[in-house]
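Chain C is already provided as a structure; the job is to place chain W on it using the hints.
Number of protein chains: 2
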Amino acid sequence: MKLPNFYASGPLDRAGHRRKSPDWLAERLRHPDTRIQLVWRSQHLVIDTAEGPRPIILTPALASDLIERAAEVVLLGLADDVAHFALDVSALETPLAALDLPEASFRDLRAVGPLIGRDEGAMLAYARGLMHWHARHRFCGVCGAPTESIDAGHVRRCTNPDCATSHFPRTDPAVIMLVEDGDKCLLGRQAVWTPGMYSTLAGFVEPGESLEDAVAREVFEETGIRVDSVCYHSSQPWPFPASIMLGFYAKALDRAIRVDETELEEAHWYSRAYLKDHPEMLPRRDSIARRLIEDWLTL
Amino acid sequence: MKLPNFYASGPLDRAGHRRKSPDWLAERLRHPDTRIQLVWRSQHLVIDTAEGPRPIILTPALASDLIERAAEVVLLGLADDVAHFALDVSALETPLAALDLPEASFRDLRAVGPLIGRDEGAMLAYARGLMHWHARHRFCGVCGAPTESIDAGHVRRCTNPDCATSHFPRTDPAVIMLVEDGDKCLLGRQAVWTPGMYSTLAGFVEPGESLEDAVAREVFEETGIRVDSVCYHSSQPWPFPASIMLGFYAKALDRAIRVDETELEEAHWYSRAYLKDHPEMLPRRDSIARRLIEDWLTL
Chain C
10 MKLPNFYASG
20 PLDRAGHRRK
30 SPDWLAERLR
40 HPDTRIQLVW
50 RSQHLVIDTA
60 EGPRPIILTP
70 ALASDLIERA
80 AEVVLLGLAD
90 DVAHFALDVS
100 ALETPLAALD
110 LPEASFRDLR
120 AVGPLIGRDE
130 GAMLAYARGL
140 MHWHARHRFC
150 GVCGAPTESI
160 DAGHVRRCTN
170 PDCATSHFPR
180 TDPAVIMLVE
190 DGDKCLLGRQ
200 AVWTPGMYST
210 LAGFVEPGES
220 LEDAVAREVF
230 EETGIRVDSV
240 CYHSSQPWPF
250 PASIMLGFYA
260 KALDRAIRVD
270 ETELEEAHWY
280 SRAYLKDHPE
290 MLPRRDSIAR
300 RLIEDWLTL
Chain W
10 MKLPNFYASG
20 PLDRAGHRRK
30 SPDWLAERLR
40 HPDTRIQLVW
50 RSQHLVIDTA
60 EGPRPIILTP
70 ALASDLIERA
80 AEVVLLGLAD
90 DVAHFALDVS
100 ALETPLAALD
110 LPEASFRDLR
120 AVGPLIGRDE
130 GAMLAYARGL
140 MHWHARHRFC
150 GVCGAPTESI
160 DAGHVRRCTN
170 PDCATSHFPR
180 TDPAVIMLVE
190 DGDKCLLGRQ
200 AVWTPGMYST
210 LAGFVEPGES
220 LEDAVAREVF
230 EETGIRVDSV
240 CYHSSQPWPF
250 PASIMLGFYA
260 KALDRAIRVD
270 ETELEEAHWY
280 SRAYLKDHPE
290 MLPRRDSIAR
300 RLIEDWLTL
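Chains as they are written, first to last, in my numbering: chain C, 10 to 308; chain W, 10 to 308.
You can't tell identical chains apart in this list, so a pair holds if it fits in one copy or across any two.
Below, in silico cross-link-like pairs of lysine to aspartate or glutamate (EDC-like), each with a Cα-Cα straight-line distance of 20 angstroms or less:
(1) K260 / E189
(2) K29 / D269
(3) K260 / D190
(4) K29 / E157
(5) K193 / D304
(6) K260 / D237
(7) K11 / D237
(8) K11 / D128
(9) K29 / E272
(10) K260 / D304
(11) K193 / E275
(12) K193 / D237
(13) K193 / D286
(14) K29 / E270
(15) K285 / D192
(16) K29 / E230
(17) K285 / E189
For the record, the hints were derived by calculation from the structure and aren't laboratory data. Small disclaimer: the values here were computed from a predicted structure and weren't measured.
One chain only, chain C, in its complex shape:
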């Protein structure tokens, strides 16, 4: 089995059947073994150590005041029968004031993700993704009434009794693809990226498309290159803010690049030898883009 991508395959059993058990949830939320993660404006509680940043997970006793004041309380799941919850404390200006943790701070997973462990990364990514969904779905898209969180934070229901639509977490499928032409692959960059960084092409799947259709459409739109032999590699949850990345390899049918400048600043063909000599130009270590490129370099 291939190693899972970063942020995937976390340590929790999601225990979906517990989401509709209010008594069990209330008991577990205050159980001394329980572990609680905070999410504040899409950031996580982190402390710096000699080994780098480490996420801080609280006990119910430590988080007691915040449990009362959290906008959302979400059951993440179970690990070795220990329940893990996440609290959204974004409405508080200074949630740290409720905690005696002077060296802790809230940090963005985009910054600390590549520096923490795989299991920790997966748990933080899962919580971040759910809280982003809650924040974007406070009102019902069908009727405009407020929604409320039910099922331990995994469903939002419209509070208008004439509507009462249930809304489920949203995850946007996006394809990301390494296009190859013999010993060269196609990498591009967006103007907003770190200078000198190049990556695989990517884009969102539209209604009425297969993943393979989306790969071909995005590559053609962004670079004018037609592809075939579109072949699945792996997938990765990517909660920045709400995607699942679906990784593919594809073979180019054209060589000449015509960059769509509304999407990309530039795109070029790179040989394996060149990329091996220039690892500094590759995307971040926690990304499926990096994985697609590194796996291709070993082919």
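Leaving out everything else, chain W in the frame of chain C:
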């Protein structure tokens, strides 16, 4: 190359760069070559012929009155430089009254899909999916204000100037998987299905999961069976109402089935020989489930 799944790989160039060209859109919407599809309460305009049901696509002249009264006008794309649009006429009680087509009727793609051509099926599925998204996102999830359609029907924007959030079409990723144990595969059925029909297991991907994680979780939740060797097969847009189906094969690590009766009515192991003798129990011809099973039967 494998044959695409039904509803995928439609004949249209989506022409995304035209979505922000109001003059071009206005001119094309009335151009005599243009073709216009109606969507009424998730149904499509169909006429019965000796060869079976056929979708009816209108000219701008025929649809003129409905263009004025449509809740949504969406650019689907171009085929041979002919623009294809879809109109949402759901707000009208009797849209057929505006047309001189006495033998036409609105029919559900779930019923006519298996009886029409691949290209027609893909175009209807695409339009249905987009119109369902519009209907479910008339209000902004962030602030509750009304949204408005922009970019030729491919974006909805919040009309509250202090919010102005852009909302993009939603497609829910769902995994669907054939679990095998040697010469047998695992099929189940939900109580609401046509009696006697069995299919592969399936379920929605949750935030923080890879597709492969979701396959393993869903199979375990529904049947108590653990899997490995989770291997991608293909994907299919499935606008009933808003999914993309992501097809996998997986190998069972257990044999004993424990059905979760909140999800399934029953599940069993079936041999290739049995399934070949009982094609009447297989899912509908236009589904990726059918494809997964039929491809497995030939392995």
